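Respectively, the protein sequence lines represent chains A and B. Number 375 marks the last residue of the first sequence (my numbering); no jumps. Number 415 marks the last residue of the second sequence (my numbering); no jumps.
Hint data in this document are derived by calculation from the structure and do not stem from the laboratory. Here the structure is a predicted model, which means the values were calculated and not measured. Backbone N, C-alpha and C define an ideal beta-carbon position, used for all residues, glycine too. Keep in mind that a hint or two might mislead.
In silico lysine to aspartate or glutamate, EDC-like type, Cα no more than 16 Å apart, as pairs [said to hold, decoys possible]: (1) K109(A) x D176(A); (2) K291(B) x D176(A); (3) K138(A) x D176(A); (4) K291(B) x D363(A).
Footprint (simulated), chain B over chain A, 3 or more residues, beta carbon under 8 Å [unchecked claim]: (5) 2 to 8; (6) 261 to 268; (7) 275 to 282; (8) 287 to 300; (9) 310 to 323; (10) 357 to 366.
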Amino acid sequence: MNFDFSDDQKQLRDQARKFLAEKCSSKAVRAVLDGQSPYDRELWRGLAEMGFLGVAIPEEFGGAGAGHLELCVIAEEMGRALAPVPFSSTVYLAAEALMLAGSEAQKRKWLPRIASGEAIGTLALFEGTGNPSPKAVKLDASNGVLNGVKKPVADGAIADFVIVAARSAATGRDSDISLFIADTKAGGVDAKALTNLDPTRGQAELVFANCKAEPLGAPGEGWAIIAQVLDRAAVLVAFEQVGGADRALEMGRDYALDRIAFGRPIGSFQAVKHMLADMYVSATLARSNCYYGAWALSTNAPELPEAAASARISATQAFQHCAKNNIQVHGGMGFTWEFDCHMYYRRANALALGLGSLSYWEDQLIDRMRKRNAA
Amino acid sequence: MNFDDTPEEAAFRAKARAWIDANAPKQFEQELSSASLGRIRLKNADIVEVGKAWQKKKAEAGWACLQWPKDYGGHGASPIERVIWQQEEGVYGKLTQPFQIGEGMCGPTVMAYGSEQDKRRYLPKLASGEEIWCQLFSEPAGGSDVAGLRTRAEKRGDDWIVNGQKIWTSGAHYSDYGLLITRTDPNVPKHKGLTMFFLDMKSKGVEIRPIRQANGMQEFNEVYFTDVVIPDSQRLGAVGDGWNVSLTTLMNERMSIGARLATGFPEMFAFCANLMSENGLAIDDRATRSKLASWAVKASGLKYTSYRAISALSRGERPGPENSIGKLVAGTMLQDIAAYAMDLQGAAGALTGADEETTQGQFQQMLLTSPSMRIAGGTDEILRNIIAERVLGLPGDIRVDKDVPFNKVPTKGRG
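Sequences are here, hints too, so could you generate the full structure?
Here you go:
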């Protein structure tokens, strides 16, 4: 059994960690948090130069052609560093959708630009409150013309292209949904940035008014593609969550060693030790579930839907648990803007929602386990 | 990343599988499979006798205590081969329960500290199941604080005279030998005055009394020592070095107990998938699904954590500290799952009869047994301390009794 990343993949992780430690300091994250810029452009360029944006994109489309295990280790580091860039929307959602369902011409047009950092992409799925569901997609597509409103759309205000889930028929079946690619520079899309829990990853409202868009994938296949994209993204985001959870645990541990109260480091009190031990337990369970997700993703295994839901749930729980208890270990200082704890807390809770909430994925997992048990 | 065996591992697995297929006591397979929680009983046979026969057969064919040297009854196998064997042994591994303390704790301690003569005399018979060993560490005054033990051993000529009491001794009533830690010097701080021995459990002055447990069963014992004579040749390690010797034993305890962990999840999932109420199947209920999902990812998290450890063994490395979470997670899960399964049964959940239609009383038994899972082999609190100190590097507890002579340490709380 070799249920681990290879030495080369671990080396890539170290390389990404070193790069991000240098280019994505807390100060850099705070520049975006404080609204000085919608994302860290310099970091984005650097990620492109390192080959990280296109690590899982085939060479013929301008990527490194490495694979999804490589992307997983980079995702973990992006999460650990709280990278304030549109990585997940561009790489996990848009690029994955293109690789799954794009035509040769579409892949040729967008994938090289993703890899080079020239194009930011995203997926426009949600229309207000609610979890992923074909029933919730109202945005109208008639004759390749889109009309309707999408919100929230991750990184929607800075995206160069958007993959849009739209209603192309009205039979009440999943096959009513089709996907389209809209070029935001071509007109018909109006973007408005929205305030959100984690300003280091932007959210937007996109208004489509007679927007001409080309189909992505076959008509009526939209929901099937989205389900696959969400599973793939769930694994990748779970790695970001595990990276964030580990960092929050480390921050709590370090503070517990440094902070003296009642004449002792607070990390010598069992109440604090046990809180940190429980954080370690959550983070470890999540990491192991994520490894299984990585295996399923990289081999395109039939187990992917179940593995993705498990990784998603476990990593969501772990990051939320570690981020909130990191604040608790820090006490009052953890509740200041000055300390970084709240940035992890914000990210943990925003990531917990982006692809659909915990309760949505719990439902998915149970459905998928039942299906397997019935088979 | 893959789950495949190396060619050598695959060959070993095939060999193990073929031998088990030809030799396992298949008449007990069904009964062993359905007994997933706690200690096993067979309806028409004594599990210790069936276990002994299976262990003997394994030993004769070279499959017992695989990782031990051949001279001492093992097979010199690698850690990964032992894991593969355990996987293949499957439900029949449950038959080895009476020997696990010997293989995992007593044997390694004798191997590390015993004389060559003793190793050749005792270890092969331990490996073959002909002689069963138990571990005599815990005491009424020394549970988590093992080093607080009070059983005295006093030197008289070439012998030691032992007086005192041990508790929570699994299998004492069917054991032939015991690994015994005693206090030989109460005038020095507690960790410094301990000495380890092994003894014949049939020795004069050894009295074994079963403990009736909170779940109504009797699996553990109290063992009383009254002027029990142990020759000095049965001392393991130096006089006063018993604490260090015991660390060899305890290090192995958590590994061996963690090897086959029940979480209750598969039983719970199946139960919820079939339980019909006036509102439909339990598994279609939102609150139930949420709980099931959380337990599911804990169960899979433990499974894949162990796969990571197995992968490290396969590479010839030591597993990382992540394996230390197993019992901590599984114990609480068992307890929570049992309580929720009964909640779903409503008032009938309180019935414990084995013929109750929904669960044959299995969750009720789980509820009553699960508290012990959070205590035996290191309490949840001790395990959290271990994770905090050894994995996260946090400071140890302040120990007020550390530098105090043992006989000056307070023995009572209030009053």
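With a C-beta cutoff of 8 Å, work out whether three or more residues of the segment 2 to 8 of chain A approach chain B closely enough for the coverage to hold.
-> With 5 residues in contact (Cβ-Cβ under 8 Å with chain B), the coverage given for the segment 2 to 8 of chain A holds.
Please work out if K291(B) and D176(A) have their alpha carbons no farther apart than 16 Å.
-> Violated: K291(B) and D176(A) sit about 33 Å apart, past 16 Å.
Do at least three Cβ atoms from the segment 310 to 323 of chain A come closer than 8 Å to Cβ atoms of chain B?
-> Result for this restraint: holds, n = 4.
Does K109(A) pair with D176(A) here, judged by a C-alpha cut-off of 16 Å?
-> violated, 27 Å
Closer than 8 Å, Cβ to Cβ, for at least three residues: run that test on the segment 287 to 300 of chain A against chain B and report holds or violated.
-> Coverage by chain B holds here, the residue count being 8 at a Cβ distance below 8 Å.
Is the Cα-Cα distance between K291(B) and D363(A) 16 Å or less?
-> Holds. K291(B) to D363(A) sits at ~11 Å (cutoff 16 Å).
For the segment 275 to 282 of chain A, do three or more residues have a beta carbon lying closer than 8 Å to a beta carbon of chain B?
-> holds (count 5)
Checking C-beta pairs, does the segment 261 to 268 of chain A have three or more residues closer than 8 Å to chain B?
-> Holds: 4 residues of the segment 261 to 268 of chain A have a Cβ under 8 Å from chain B.
Pair hint K138(A) and D176(A), alpha-carbon separation not exceeding 16 Å = holds, 10 Å
With a cut-off of 8 Å between beta carbons, are at least three residues of the segment 357 to 366 of chain A near chain B?
-> Result for this restraint: holds, n = 6.
Comparing the model with each numbered hint stated earlier shows that hints 1 and 2 do not hold.
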